[in-house]
Every structure is written in C-alpha cells, then in structure tokens.
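**Student:** Here is what each chain is made of, one letter per residue.
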Amino acid sequence: MGPALRLVVQRIALGLLLLFLVSILIFWGTLILPGDVAQAILGQSATPEALANLRDELGVNDPPLTRYFEWLGGVLSGDLGTALTNGKDIAESIGSRLENTLFLAFWAAVIAVPLAILLGLLAVRYRDRWPDKLISGVTLSTISIPEFLIGYVLMYFVGVKLGWAPTVSMIHDGMNLGQKLHSIALPVAVLTLVVLAHMMRMTRAAILNVMQSPYIETADLKGLTKFNIIWKHAFPNSISPVVNVVMLNLAYLVVGVVVVEVVFTYPGMGQYLVDHVSKRDLPVVQACGLIFAAVYITLNMIADVVSILSNPKLRHPK
Amino acid sequence: MKDQLDYLKVNAALGRISRREFFGRAAALGVTAVAANTMLAGAVRAAGPQKGGTIKVGIQGGGSGDSLDPALAANATMSQIVRMWGEPLVELADDGGLNGKVAESYSSSPDAKVWTFNIRPDITFSNGKTVTADDVLATIERHSGEDTKSGALGLLRGIKSMSAPDASTFVLELDAPNADLPYLMSDYHLMIQPNGGKDDPTACIGSGPYTLASADMGVRLVFEKNPNHWDSAIGHASTVELIIINDDTARVAALQSGQVHMVNRVPPRTAGLVGRAPNITIRSKSGPGHYVFIAHVDTAPFDNQDVMMALKYAMNREEMVEKILSGYGTVGNDTPINASYPLYTELEQRAYDPDKAAFHWKKSGQTDPVLLRTSDNAFPGAPDAAALFQQTCEAAGIPVEIKREPNDGYWSEVWNVQPFCTSYWGGRPTQDQMFTTAYLSTADWNDTRFKNEQFDQLLLAARAELDEAKRTQMYADMGSMVRDEGGLICPMFNDFIDGMSDEVAGFREGTPGFELMNFYAPIEMWVTA
Chain A
-19 MGPALRLVVQ RIALGLLLLF LVSILIFWGT LILPGDVAQA ILGQSATPEA LANLRDELGV
41 NDPPLTRYFE WLGGVLSGDL GTALTNGKDI AESIGSRLEN TLFLAFWAAV IAVPLAILLG
101 LLAVRYRDRW PDKLISGVTL STISIPEFLI GYVLMYFVGV KLGWAPTVSM IHDGMNLGQK
161 LHSIALPVAV LTLVVLAHMM RMTRAAILNV MQSPYIETAD LKGLTKFNII WKHAFPNSIS
221 PVVNVVMLNL AYLVVGVVVV EVVFTYPGMG QYLVDHVSKR DLPVVQACGL IFAAVYITLN
281 MIADVVSILS NPKLRHPK
Chain B
584 MKDQLDYLKV NAALGRISRR EFFGRAAALG VTAVAANTML AGAVRAAGPQ KGGTIKVGIQ
644 GGGSGDSLDP ALAANATMSQ IVRMWGEPLV ELADDGGLNG KVAESYSSSP DAKVWTFNIR
704 PDITFSNGKT VTADDVLATI ERHSGEDTKS GALGLLRGIK SMSAPDASTF VLELDAPNAD
764 LPYLMSDYHL MIQPNGGKDD PTACIGSGPY TLASADMGVR LVFEKNPNHW DSAIGHASTV
824 ELIIINDDTA RVAALQSGQV HMVNRVPPRT AGLVGRAPNI TIRSKSGPGH YVFIAHVDTA
884 PFDNQDVMMA LKYAMNREEM VEKILSGYGT VGNDTPINAS YPLYTELEQR AYDPDKAAFH
944 WKKSGQTDPV LLRTSDNAFP GAPDAAALFQ QTCEAAGIPV EIKREPNDGY WSEVWNVQPF
1004 CTSYWGGRPT QDQMFTTAYL STADWNDTRF KNEQFDQLLL AARAELDEAK RTQMYADMGS
1064 MVRDEGGLIC PMFNDFIDGM SDEVAGFREG TPGFELMNFY APIEMWVTA
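Protein chains in written order, with this note's numbering: chain A, -19 to 298; chain B, 584 to 1112.
No wet-lab data here; the hints were simulated from the structure. Misleading hints may appear alongside valid ones.
Simulated DEER-style distance windows between Cβ atoms [what the hints assert, rightly or not]: (1) B:E984 <-> A:I91: 37 to 43 Å; (2) B:Q974 <-> A:R(-9): 58 to 64 Å; (3) A:S116 <-> B:E984: 57 to 63 Å; (4) A:F0 <-> B:R859: 55 to 61 Å; (5) A:D36 <-> B:N682: 51 to 57 Å; (6) A:F0 <-> B:K743: 41 to 47 Å; (7) B:T853 <-> A:A71: 38 to 44 Å; (8) A:F0 <-> B:A978: 56 to 62 Å; (9) A:G53 <-> B:P748: 37 to 43 Å; (10) B:N887 <-> A:A71: 54 to 60 Å; (11) A:A71 <-> B:P861: 44 to 50 Å.
Take a look, some chain B residues computed to stay more than 12 Å from chain A by CB distance [stated by the list, open to error]: (12) D649; (13) L736; (14) S815; (15) A833; (16) Q888; (17) E901; (18) P952; (19) P963; (20) Q974.
Think of the CB as a built atom: it goes at the ideal place given N, C-alpha and C, for glycine as much as any other residue.
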C-alpha cells in the first residue's frame, strides 16, 4: 500500500470515528436543553391532563442510555425516527428540506467559488495596486457584517425599494427552475457575499506564496503574460490550500445557512431545525445535528483527501 | 365636480386606478386626504365583493412541527388553518353576539343547564357527506374525552351528557348552569368534523368555505374554494395561500414588496412607519389580550397586601402603553377584563402614584429587593417593560432586581412556578372563562395564586344568572376583588396589529376575537385588482 493510499484510509477512518463521537455529543447535548416537549407542543394553553397524556404517548420517560442505543441503531439502518410534534417520519420530512438547502448551497457555490478564485487571481495580478485593495476591502467588509444584517439591507433596498427580487424565498414543486432561481436570488447573494472573502484571501495568499519560486521567474523570462503565469503555473501548485478553504466554505453553505434561511423564510434544513428546537422535538434536532455533522466531516475529509492526492511527493514515492 | 369624484371613486374601488392616484386626483378637486379615504372605503364596500383571484397571507406563528388536527391548534397559523376548512357550531358576531355556523339556532332550558343546538339542514362536508348531529356529538366527545389532548378540554369540563335525538338536533346537558355555553362553542378547536375526526383528525375535512389543496407545514398552505359551501356571502377569493413568515422584518417586507396581501402581528415599534407607505394600511384593534406582571399572593413578600399595593401604585401604565406598545394598546387596571368583553363595567382607573407606593412600601416593612423574572418570551418587549418598572419602583423607593430568564422553557420553568414574573394572557371570549381559567381558587393556571372564597361563589352564581343586569354587577364586583386583592399587575392591553395591502378590500372594523378579523379576513375580504 502506497503512503498516499494509507493516509487516505486513515483519514476516512478518523472521519467515521469523529462522526460517532459527535453522535454521542449531540444526543447528550439535546438532553440538557431546558423545558419540556409536551409543554412546548401544547403551548401556554395546555391543561395538566393533556400534558400528562401527551408525555406518556411520546415516551419521554424512558432512561437516556436505552434511548441512545435505540436511536443509534435506527440511524444506522436509515431510520431517523418520527417527529414528536407531528408524528411524521423524520427521514421523509428532512429529505425535501435537505434538497432545498443543497439547492441553495449549490447555486451559491456555483457563483461564489469561481468568483472568489477569479477575484483572488486578479488581486495577485494587480498586487498592492487599487484593484487588489478594492477587492480585499469590499470582500472583507461584507464578511465582517453579520449575515442577517446584509440580508435585511438587501431585502429593503433590492426587494422592497427596487422590487427586483422577492423578499420571501418561497420555493415549491409547482415552480420551474427560472422561478426558483428568481426566488432565491437574495439569499444566494447574501451567502456569496459572506463566503467570498475567505476563499478570495486564501487564493491570493497561496498563489503569492508560489509566486516567489524560481520557476515563476523562468516563466516570466520566457515572456508569458502575468495572468497566464498565475493561471497556468502558479495556481495548479497552490491548489491544495485553496481546495481546503473552498470545502470549508461549501460546508458552511450547507450547515451555516440557518440564519439566512430564517431571515428569507426559505424552507430548508436550517428553518426546519429552528422550528423543532423551539418545540423541544429531540429526534428531529438530533437528526439535523447528525446530518450537519456528517456533511461537515465529509467535506473536510474530501478536502484532506484531495490535498493528499495533489501532493506529488505522496503520489510518487521513491 | 361630484360627477368626476364619483367616476374616480368607482374606478378606484374597482382597482382601475390606484389608491394613490385616487388621492392625488381627489386632492386636485379640493378634497382632503381624510375625506378621500372615507369616500374610497365607502365606494369599495358599495362596489361589492369581487369573486376570484388569490389572497396571499403572510402569517406568523406556524412551525414545521405543527399538526393539522384542530384539537392541537395552539398558534395563529393553526387557528387560521382550521378556519379555512372547518366551521364551529357558532361564531362571534360583530355586535358581540353569536352567528350560527353549523348550528342554525340554539336555545336553552330556563335554568341554563340544558342547551339545544339545531343543525343547519342540508350542509355537507367537503367529502360530500351531510353534516349531522352525530358528527357534532362525536366532535365534542373527541375534545372532551378523558384521554384527549385537545386545547378545548378546559372549556368542556362539566358536561353531564350529550345526545343527538335526531339528525338535526344536538343536546348538551351540564352539571351546573352556564349561561355562556354557546360562546364556548365558538372556540377554534371545536371545528365540526365527520365522525368528530375520530377516524382521521388531520384530514382537514369540514364544512368550511375552503378545502386544503396542499400543505407544507411551517412553510406554505394552499386552499381552494369549496364550491359547495352553504354561505355564498363569504369565501370570495378562489385561492388562499398562507405563507408562514415568522421573522417580523421579513413578514413586513413581504407586505411592502407586494408578495403578500395581508400580514398579522406587525411589530408596534415599526407599525407607524409601515403604515406611511401609500399602498399599505395598518389595522389595529383592541382585544382581550394583556401583558402582565404576576405575583403569587400566597408567597412572601407578595402575601403582604401593602407590598402588592406598593407595586401596583408604582406601575406607570401610560408610559408602558406609549413605550412598549408604541401607543398600540390601552392602559390596564389590574383586572384581566376590558371593554372587549360582554357585560363589562368600567372600574375606577388606578394611576401611577409614587407617593402612595412609597407609603405602602414603608408600611409593609420590607427592605429586601423584589425579584422580578422576565424574558422576551413573556411578551414582546418584556425585558424593557421590566426595566421601566424597575425605574418607576426606584422612584418610590422600592428596590427591584431583574432576572433575565432564557426564552426556552419559560412557560414550564418560570411562568406559574416562580413567585413574580412577566407574562401575557391572550384573553378568553367571556369574563366567566377568563376568571375560571386564571382566578378561580382551584384553577390549574391560577398564576397569581388568588384564592378567595367569596369570589369563587360569585363566579358560580354569575354563571347561572340569566339576568344580564345582575350578572354585569356580579362581574364588576369580581373585577374589583381581583384589582384590589389580587396578585395581578396589568399595565396594558395590547392591540392586534395587522397590515393590509390596498389590493384587498372588505375589511371591517371592530370585529371581535383575534387578529385578521378573528382570522376571517382571508375568507371575507376580496382581491380588488
């Protein structure tokens, strides 16, 4: 077994172990939330009889350890259980929500990733001149503003004042792709603004690092244009850190969109999670937590694997 | 000029020219804005409801964990949903009385113990089945059974027996007289379902003006007009779309950008600003809902009457209405009852008086600070209200310490558990219900631990009293008892604040019950454009 393959296998095993530990943490964490699910479902206007009836039915009186192993067994066989609040199958409900979240993340990524890399390349090309400063300045300020505020600002000016895009990003099966894209224009814009800076700065730094190498000087002396050198010679050799940061941001686009989804009333995982946290619906919170953790761990694993494989020293051992 | 104005009015009412355009042209003819507004409203009503179109409602309160079972309805969205497909026996009328829905009429025995409801003949559920007294009986059974989870269970205690002697008669016999029984039947949980919903409580089959076309709980629900509904005077739009928007800013923005026609619960702080937009009208109405500071009068130091009086006099009610509700509300008087209730008597208004507060505080001999628990969950702006109260108390020399509690678990860990906290009540349809729910000695939700034998006797006596003048007096006496001896400090009654676009018409002022015309706005209003 080559060192590259061994590293990859090690990395995957580590990822699985991590996921298992996270499952314990998630289960334990939801147990210590204050409040009572029956009270949360029935609201302030619940009678004590109704509360007792509901608690019995929900089975929240069993010991935690039994519940953990039942839950884990279920998850491993693809059964996420049923929601306490409405008795629906969680896997089924999450399915469409996850699809929506991935849809939003996908389009945000399609715009943000190439844009960030392009801006990074441009920043290197015009290093320390005004385009570089402008790009850094703008992207760093959008990453510094809390995303809900960017959301509200865009909502007010683009949605209400200009009327270019809907302020409520409702998507449903009856819409075609064009309508859906129009509907998610604002959240995509917010997400793009939020993740742009990180990827752009990393691209810029990684390439600048490579730009010091002697072979770049050679390319320069050959008479290649500056942008060609960056794109063809410097960028491929700085791919590893860039992939890492891109993956981190993709993971963020999936699991970090809770606030954006709530602000734009987008029917994704984030909003689903928030709804159920406020109702103490533990099975749903656990399932969402686990899915988010799995997405995060998987994407990071992919990033690691790609950087291992993109390292020629590991691919071609002597 | 009159002809021109009439022409404009008709065009504006029919939506051929915009509201803004109408005002502009009317102003050109020398009509003031206020007069123009009145004129337009009249013309819109005169033009009559228009059929068809889609009404979109941006509504607060729903979540993806909500159930479609009316028994579990507990928030604004669920209350709106059940109104679309279902109907109760009777419904609150604009004049404070009741309108028949599934029941055409009702009557009682002279002692108010036996109530007979006559079911409207020949009305059908949306599945085609005829509505019979058996369905009504099964519905009430489902909501009042021992193992029910229904939110209406509290209302339905004390039923001795129920029967359906024939298909159009439903008879209820009570353990004790209750003159208010028909009002209880208007509760939004009690939608009549085929076989009481025992077979499938979440089927959304009822006799209402709309039928459910698609449901994505906590996201979006679509209703289509029920072509067989018995009352052609309501249900104008052919489609009603409920879009759940819990974020206040997003909900208001959806109204402003024209994505929805109406929203509920506009935040009071921004209502004035939102209403300045030319195509939006803010509709506020006073309701029985109130924001409260509640103390357990059986727990020290609140068992000392002087402490309670000190705190009551230290409450600046006008300031609360102005700052916490931005004026969208009315001052409270330390009773849970206001003018929105039938048989209301105005009591002498208690006013902010730091001197009297200081006097009672000194007399009580207390020196330790009073601990007040609060959270944003208690009511919007509750922590600010607590801080204002702390300041006015300080002016009277009463030390108040504020403890901010987490929103999560506030209703199970703080409210009705801790001796002094902020909270809210949504109110009840009748005084009897409000007092029974929260001020009767034996009530589960006696969140002020107010236990007064004389009060309990009066409450039961009033329930059996069919003479309105006598009942009114009894309720006034009970109100005074709560006001002077209770643990309730009620600074304000909050208004329901809705936002309506001028693409919909038919709004009526002064409807009883909840927001959005007691949730009948999507059903009884229509699209003008």
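**Student:** Decide, hint by hint, whether the structure agrees.
**Tutor:** Comparing the hints with the structure gives:
1. B:E984 <-> A:I91: 37 to 43 Å: Because 52 Å falls outside the window, the suggested range is violated.
2. B:Q974 <-> A:R(-9): 58 to 64 Å: With Cβ atoms ~60 Å apart, the hint holds.
3. A:S116 <-> B:E984: 57 to 63 Å: 49 Å, violated
4. A:F0 <-> B:R859: 55 to 61 Å: 57 Å, holds
5. A:D36 <-> B:N682: 51 to 57 Å: 39 Å, violated
6. A:F0 <-> B:K743: 41 to 47 Å: 59 Å, violated
7. B:T853 <-> A:A71: 38 to 44 Å: 40 Å, holds
8. A:F0 <-> B:A978: 56 to 62 Å: Holds - the Cβ-Cβ distance for A:F0 and B:A978, about 59 Å, lies within 56 to 62 Å.
9. A:G53 <-> B:P748: 37 to 43 Å: 55 Å, violated
10. B:N887 <-> A:A71: 54 to 60 Å: 57 Å, holds
11. A:A71 <-> B:P861: 44 to 50 Å: 48 Å, holds
12. D649: 7 Å, violated
13. L736: It is violated; B:L736 is separated from chain A by about 5 Å at its closest Cβ, not greater than 12 Å.
14. S815: The claim holds: B:S815 sits with its nearest Cβ about 29 Å from chain A, beyond 12 Å.
15. A833: 6 Å, violated
16. Q888: Consistent with the label, B:Q888 stays out of reach of chain A, its closest Cβ about 28 Å off (over 12 Å).
17. E901: Label holds. Min Cβ-Cβ 27 Å, cutoff 12 Å.
18. P952: 25 Å, holds
19. P963: Non-interface label stands for B:P963: nearest chain A Cβ at 15 Å, farther than 12 Å.
20. Q974: 28 Å, holds
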